[in-house]
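Colleague: If you want the building blocks of each chain, they are given just below.
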Amino acid sequence: MRILILGWEFPPAKTGGLGTHCYELVKNLGKKGIKVLLFIPKRSENAKHDLENVEIVEVGSAISNPYNATDPTTFEKGYGWNFFDEVREFNKKCIALALQRKFDVIHCHDWITFSAGVELKNRMGKPLVVTIHSTEYDRTANIYPMKFIVDIEKNGIEEANKVITVSKHMKKQLIERYGADERKITVIYNGIDYTKFFGVTNKQHRNIVLFLGRLTNQKGPYFFLHTAKKVLEKKSDVLFVVGGQGEKLPELIREAINLGITDNVVFTGYLSEDELTRAYEMADVYVMPSVAEPFGITALEAIASGTPVIVSKTAGVAEKIRHCFKVDFWDTHEMANKIICVLRYHVLGECMRRNSYGELKDFGWDRVADQTIDVYRRV
Amino acid sequence: MTSVCFYFQVHQPMRLNKFTVFSENVPYFDDYRNRKYFERIARKCYLPTNRTLLDLISNIGKEFRIAFSLTGVFVEQCKKYSPEVIESFKQLADTGNVEFLSETYYHSLAALFSVEEFKKQIKLHKAMIKDLFNQRPKVFRNTEAMYSNEIAKIIESIGYKGIITEGHESFLSWRSPNYLYTPRDCEKIVALLRNYKLSDDIGFRFSARWWEEYPLTADKYSSWLSACEGSCVNIFIDYETFGEHQWGDTGIFEFLKVLPYEILKYKNLDFKTPSQLIKSYKSVGVIDVPYILSWADIQRDTSAWLENDMQRLAFEQMAKLENLVKKNRKLLHIWRLLQTSDHFYYMCTKWFADGDVHKYFNPYDSPYDAFINYMNILQDIKRRLAAK
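Just so you know, the sequences run in chain order A and B.
Oh and the first sequence: position 109 is 109 in this note's numbering, straight run, nothing missing.
Plus 1000 on top of the position in the second sequence (first one is 1) and you've got this note's numbering.
In isolation and in its complexed conformation, chain A is listed as follows (with noise of 0.2 Å):
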């Protein structure tokens, strides 16, 4: 079987689960014997290239990444103008490379590369898969979702063979707000390959909370500032990280200012993979208070570093892992209670880590390849 995979991400440029998904994807289905053909669009960084039956073309020049932005002026109603231009072209690029390459099925990932996945499907007759990470509705945190984007998920579900997503609440959206084929979508977790982190090691207690991902509306860290306030009028001697880079930056520092937290608060900026995993391994305790977070691959990342976790209920990952806390991501009340019980409390984090580190073995990646594959086949 040969797969033509339409991707965005891929390592080292990535912004998020997406990147890793399609890294751990491709490198897995090769390992299984399917021969994949990745298109992704060329960067600044070289993708890497070490893959068995995986073959990457890297198409066009250079793009942009828009949700990685720190400055907010380069933004144009959320997004700038010409990043639509350089996803039109990436698209138009794919059609005619693939146009002249042979494979069985199309598989894409999230509404960039759906109309080069469309209109191939229609050219060519092929069969066409479309796995949705997350939607307009998502990204945005329901604050001005663009109808243009929507249109295109739409569509693209509308014609995709089989439509795959990483949460049952996924599934959920789609069918009632894209009015998707219930018959036709398949929930396939995303997995980790938890040898990359640091595991159960012993925790020094610095009383550190972290808080990882894109600082956009969507990852809610504005919640996790207020969080950090009512923890600190219980106790003082803890410190909040805010990791990650984005949009609202500024702004999160000028409210951190605001509530006079600066003290016991660190903007870290962008974090290297390094920095990353030492990131996950020094908290005390790992929250993401995601307004809309339809997997939340970080959550699987600070549980393999031997770090219990406090996340959003509506979270993707929430639906798996149970030796969590689980909080409405606006309950700042209830963040604050939990934060301040597991550092009080040290056995408490103990037994959650420990016992949600045996809970990674679902988490496989070879896992995600068998059901993707599965399906490839009923396509």
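Quick caveat, the hints were computed from the structure, so don't treat them as lab data.
Where hints are given, some of them may not hold.
No more than 25 Å apart at the CA atoms, straight line, and that leaves these computed lysine to any residue pairs for SDA-like [said to hold, decoys possible]:
| hint | chain 1 | residue 1 | chain 2 | residue 2 |
| --- | --- | --- | --- | --- |
| 1 | B | K1382 | A | R344 |
| 2 | A | K172 | B | D1365 |
| 3 | B | K1018 | A | E319 |
| 4 | A | K313 | B | D1369 |
| 5 | A | K361 | A | E281 |
| 6 | A | K168 | A | L51 |
| 7 | B | K1350 | A | V347 |
| 8 | B | K1320 | A | V347 |
| 9 | A | K234 | B | K1282 |
| 10 | B | K1079 | B | Y1032 |
| 11 | A | K248 | A | D328 |
| 12 | B | K1197 | B | K1320 |
| 13 | A | K361 | B | Y1032 |
| 14 | B | K1161 | B | K1018 |
| 15 | A | K320 | B | Y1032 |
| 16 | A | K234 | B | K1197 |
| 17 | A | K234 | B | N1017 |
| 18 | A | K320 | B | K1161 |
| 19 | A | K92 | A | A141 |
Among chain B residues calculated to face chain A with C-beta under 8 Å, some are [unchecked claim]:
| hint | residue |
| --- | --- |
| 20 | T1020 |
| 21 | V1021 |
| 22 | F1022 |
| 23 | E1024 |
| 24 | V1026 |
| 25 | N1308 |
| 26 | M1310 |
| 27 | L1313 |
| 28 | N1362 |
| 29 | D1365 |
| 30 | Y1368 |
| 31 | F1371 |
| 32 | I1372 |
Even glycine gets a Cβ: it sits at the ideal position worked out from N, Cα and C.
Guided by the hints, dock chain B onto chain A, whose structure is given.
Modeller: Leaving out everything else, chain B in the frame of chain A:
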């Protein structure tokens, strides 16, 4: 002759209110939830089952006998939420065919941390039974049938004739649970052992479609009882089995309604209460249990309550308050209510294996939430004790 001994455990914990590190002047107990659960269980289980048993007793007469153990925590809620349930238990007591057993008032783990506290709670429970039913219990059953040589010794020392526990191979080895035994180093007390296989056939497997004996009928069950060797078969189960663990539509009430008649069809079977067993039969040997045994889960130990570090810490911190809290009348009762085993059960993390039972009316999303809530309340009590 083999005597069939039915004893039903009746208990509902007082569930805690949501209590955070920020809570002040919030009541510790969740009155709304406790009422809701209690009224539901009263309607589905207590009232209809008591009614059924009353009818059976009035139709069959002296040949049908049963025993109950009611916790103090249950009775308190009963008086508050469904006084008619207490009335129907009194009617059962008035028939003279029903024996009430002794236990700790608070359905607590007191035996595991303080002999003095343990004895005090037994005394409180005894007074309650005397007051409600005018009976002086002669047979003791500890919370979750927790038992050891030491516990048996304590119970003997305060005048009991019998103690109930699990009839498990771990200490019985090749011996049958269907006899009376003498606890090691005891003389005046005998142990009554639960026949867990026949008890679980009703308690757990009654409606299990995967079970090769499904559906369980009263005549089939009676034939198993009749085939048992020994002086007694002890069927000890949670009362909530009727109508709650096994819903009404499983046929559990129909089963109960005909079971005594089916049993009495056999010439070699009769009904006896625990005290009658002790009067009628002799101990056949000594049992030696140098560790804490219970009737819970596959392990039959205390691991459902005191296995993980959260459970141990919570228990330890609670136990530590004993001396201080005994000087404070108002907090004493609350502190004792916090000893109810269920609070520790909710913190159990091994729920993947024995999950279903643990989830029964559990008010928490996770064992971690249960721990936090308990610790926050304990912290508040500590604060109040320090303020005195």
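Colleague: Now, for every hint given, state plainly whether the structure supports it.
Modeller: A quick look at each hint next to the structure:
| no. | hint | in the structure |
| --- | --- | --- |
| 1 | K1382/B - R344/A | 15 Å, holds |
| 2 | K172/A - D1365/B | 22 Å, holds |
| 3 | K1018/B - E319/A | 23 Å, holds |
| 4 | K313/A - D1369/B | 14 Å, holds |
| 5 | K361/A - E281/A | 19 Å, holds |
| 6 | K168/A - L51/A | 31 Å, violated |
| 7 | K1350/B - V347/A | 16 Å, holds |
| 8 | K1320/B - V347/A | 18 Å, holds |
| 9 | K234/A - K1282/B | 63 Å, violated |
| 10 | K1079/B - Y1032/B | 15 Å, holds |
| 11 | K248/A - D328/A | 21 Å, holds |
| 12 | K1197/B - K1320/B | 38 Å, violated |
| 13 | K361/A - Y1032/B | 40 Å, violated |
| 14 | K1161/B - K1018/B | 42 Å, violated |
| 15 | K320/A - Y1032/B | 31 Å, violated |
| 16 | K234/A - K1197/B | 52 Å, violated |
| 17 | K234/A - N1017/B | 21 Å, holds |
| 18 | K320/A - K1161/B | 51 Å, violated |
| 19 | K92/A - A141/A | 29 Å, violated |
| 20 | T1020 | 4 Å, holds |
| 21 | V1021 | 5 Å, holds |
| 22 | F1022 | 7 Å, holds |
| 23 | E1024 | 12 Å, violated |
| 24 | V1026 | 12 Å, violated |
| 25 | N1308 | 5 Å, holds |
| 26 | M1310 | 5 Å, holds |
| 27 | L1313 | 5 Å, holds |
| 28 | N1362 | 13 Å, violated |
| 29 | D1365 | 6 Å, holds |
| 30 | Y1368 | 6 Å, holds |
| 31 | F1371 | 6 Å, holds |
| 32 | I1372 | 4 Å, holds |
When held up to the earlier numbered hints, the structure conflicts with 6, 9, 12, 13, 14, 15, 16, 18, 19, 23, 24 and 28 and fits the remainder.
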